[in-house]
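Input sequences plus hints: build the corresponding full structure.
There are 2 protein chains.
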Amino acid sequence: MNLKQFRTHYEPVIQQEMAELIRALAIPESLKESMHYSLQAGGKRIRPMLVLATMHEQGAAHPDALKVAAAIEMIHTYSLIHDDLPSMDNDDLRRGMPTNHKVFGEAVAILAGDALLTFSFGILARLEDVSAEDKVRLIDLLSTAAGAEGMVGGQVLDIEGEEKQLGLEQLEQVHLLKTGALLTYSIISGAILSGASSEQLVALSTFGRHLGLAFQIQDDILDVTGTSEELGKTAGKDETSDKSTYPGILTLPKAKEKLDYHAQQALNALAELPGEQQLLKELTELIVQRKS
Amino acid sequence: MNLKQFRTHYEPVIQQEMAELIRALAIPESLKESMHYSLQAGGKRIRPMLVLATMHEQGAAHPDALKVAAAIEMIHTYSLIHDDLPSMDNDDLRRGMPTNHKVFGEAVAILAGDALLTFSFGILARLEDVSAEDKVRLIDLLSTAAGAEGMVGGQVLDIEGEEKQLGLEQLEQVHLLKTGALLTYSIISGAILSGASSEQLVALSTFGRHLGLAFQIQDDILDVTGTSEELGKTAGKDETSDKSTYPGILTLPKAKEKLDYHAQQALNALAELPGEQQLLKELTELIVQRKS
Numbered sequence: 000m001n002l003k004q005f006r007t008h009y010e011p012v013i014q015q016e017m018a019e020l021i022r023a024l025a026i027p028e029s030l031k032e033s034m035h036y037s038l039q040a041g042g043k044r045i046r047p048m049l050v051l052a053t054m055h056e057q058g059a060a061h062p063d064a065l066k067v068a069a070a071i072e073m074i075h076t077y078s079l080i081h082d083d084l085p086s087m088d089n090d091d092l093r094r095g096m097p098t099n100h101k102v103f104g105e106a107v108a109i110l111a112g113d114a115l116l117t118f119s120f121g122i123l124a125r126l127e128d129v130s131a132e133d134k135v136r137l138i139d140l141l142s143t144a145a146g147a148e149g150m151v152g153g154q155v156l157d158i159e160g161e162e163k164q165l166g167l168e169q170l171e172q173v174h175l176l177k178t179g180a181l182l183t184y185s186i187i188s189g190a191i192l193s194g195a196s197s198e199q200l201v202a203l204s205t206f207g208r209h210l211g212l213a214f215q216i217q218d219d220i221l222d223v224t225g226t227s228e229e230l231g232k233t234a235g236k237d238e239t240s241d242k243s244t245y246p247g248i249l250t251l252p253k254a255k256e257k258l259d260y261h262a263q264q265a266l267n268a269l270a271e272l273p274g275e276q277q278l279l280k281e282l283t284e285l286i287v288q289r290k291s
Numbered sequence: 000m001n002l003k004q005f006r007t008h009y010e011p012v013i014q015q016e017m018a019e020l021i022r023a024l025a026i027p028e029s030l031k032e033s034m035h036y037s038l039q040a041g042g043k044r045i046r047p048m049l050v051l052a053t054m055h056e057q058g059a060a061h062p063d064a065l066k067v068a069a070a071i072e073m074i075h076t077y078s079l080i081h082d083d084l085p086s087m088d089n090d091d092l093r094r095g096m097p098t099n100h101k102v103f104g105e106a107v108a109i110l111a112g113d114a115l116l117t118f119s120f121g122i123l124a125r126l127e128d129v130s131a132e133d134k135v136r137l138i139d140l141l142s143t144a145a146g147a148e149g150m151v152g153g154q155v156l157d158i159e160g161e162e163k164q165l166g167l168e169q170l171e172q173v174h175l176l177k178t179g180a181l182l183t184y185s186i187i188s189g190a191i192l193s194g195a196s197s198e199q200l201v202a203l204s205t206f207g208r209h210l211g212l213a214f215q216i217q218d219d220i221l222d223v224t225g226t227s228e229e230l231g232k233t234a235g236k237d238e239t240s241d242k243s244t245y246p247g248i249l250t251l252p253k254a255k256e257k258l259d260y261h262a263q264q265a266l267n268a269l270a271e272l273p274g275e276q277q278l279l280k281e282l283t284e285l286i287v288q289r290k291s
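From first to last, the protein sequence lines stand for chains A and B. Under numbering that gives the first Met the number 0, the residue at position 261 of the first sequence is numbered 260, and the numbers go up by one with no gaps. Under numbering that gives the first Met the number 0, the residue at position 94 of the second sequence is numbered 93, and the numbers go up by one with no gaps.
If you are wondering where the hints come from, they were derived from the structure by calculation, not from laboratory data. Keep in mind the model is a prediction, meaning the values are calculated, not measured. Treat the hints with care, since some could be wrong.
Any copy, or any two copies together, can satisfy a pair, since identical chains are not distinguished.
Lysine to aspartate or glutamate pairs mimicking DMTMM-like chemistry, simulated, CA-CA at most 25 Å apart [what the hints assert, rightly or not]: (1) K280 x D237; (2) K101 x D90; (3) K101 x E161; (4) K242 x E28.
This is the structure:
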């Protein structure tokens, strides 16, 4: 199965898994709608695909894999809902649709984010075919990747960085935390479910680190080169908001070189693993070549 | 040890435990300050006291008890930070001090809340002397108590209730979720650490349910009868905002009867447990008689 077939198969499956998890909750209707709205707003599902592709490449299947993938996508979705708020990025559009707070109001949007974040830990605690030890490990690592030492910390650095010109190293630190930590967690959680060795975990962490940086550099490049229509969000926003970006610090051609460097490093890390890792290689290509 | 001695001893200990947990994080300084600010803003520490008092009354001590107490207080604190935001209750004062977003700005306040919520699950996953099975149980129950089916769901109902006159049953449902779920969890988590039997857990759940309702009825009563100075927040706010309250629905004298009823039911549930349960009895009295 190539990546295209893999994604075509799993996209609706992931979508359905998340819908069923939310549907089963006995909660106020408006909250349910708000959570559901953002989960079903599309997107590339890169994190769930990383969970599932990592498992697939380790030759493993696991009855709880979809739940783990769904939990991570819920964390990602909560972060988007909160990032889009007026006091943060103040975005009206996300994936071409009105952002959560534009539809449900700020209060419910904040609470839908809180609920998705809280629920994701519950999903991991309730996995059926994972040992208690591995559940604890998955929860421990998710708390770090998604929290103050990971994604949330990266978002704070990102906001603070808006008021000053960051150096390349500082910018890299923002992205390693803001995007890289959860991307890497997606890979590592798939590897844990697969029973990967500690050497394999190290190689996959390196892969995740470079993949995350490549992802973010491409994000910055697309903001310069893409159109709002392609992106499903306002293009050129980084420049008008004076945000530190790879093209801004390095120039566009050098940013593209940097992107190629990290993509190559990601592929090199994969080469240390047994097997072809075809899906993960293709996912790396996808991230580098995406138009949105 | 009576409750006064117990609180005098444990208040600074809990405070210190939370400060140390936050200090150990490698995170942006502004985020750390913001998390620390709200954790150290005082308050009655009712939830940590419930964890510790429940354990004390079961005759149990546990090296991880303080961490569990701290994790729950972090959840409570995150909920206050988010509740105080302009798009929610829009409060400038909390416990007599400027609210988190007044000091750190809305964006950092939202993120500090997110970080505290996420960290609390990490604290539970990293307990040292609790079996993996019990950690999973603590995390599972916390996710339910704090999330869409508990506290967050209650907050949504509370916000939606502002636009209409609620009936008594609906108001009770709001409070069971918004306040009761986490109070009950505090008791249950202490009981789990104590190795309580399932009968004891049932009695303690009943205790928590009535304690939570008593707590909230007294909150509503104080909003009518207290001063802003006593409360450390704006008094009389419920009436000016047309909020559904127990005194509003029932009249003040009947609300006081209802308060006594739930306090008595709480004490009755305690009577089903072995031992004196002195601290939990006193905590019930404290909640009923508090002035803020």
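Do the hints match the structure? See the list:
For the identical chains of this complex, K280 and D237 are neighbours neither inside a copy (29 Å) nor across copies (58 Å), given an alpha-carbon limit of 25 Å. Taking the closest pair of Cα atoms, K101 and D90 come within 25 Å of each other both inside a single copy (9 Å) and across two copies (23 Å). For the homomeric pair K101 and E161, the shortest alpha-carbon distances inside one copy (24 Å) and between copies (20 Å) are both at most 25 Å. Proximity of K242 and E28 under a CA criterion of 25 Å is satisfied inter-copy only: 21 Å between copies versus 38 Å inside one chain copy.
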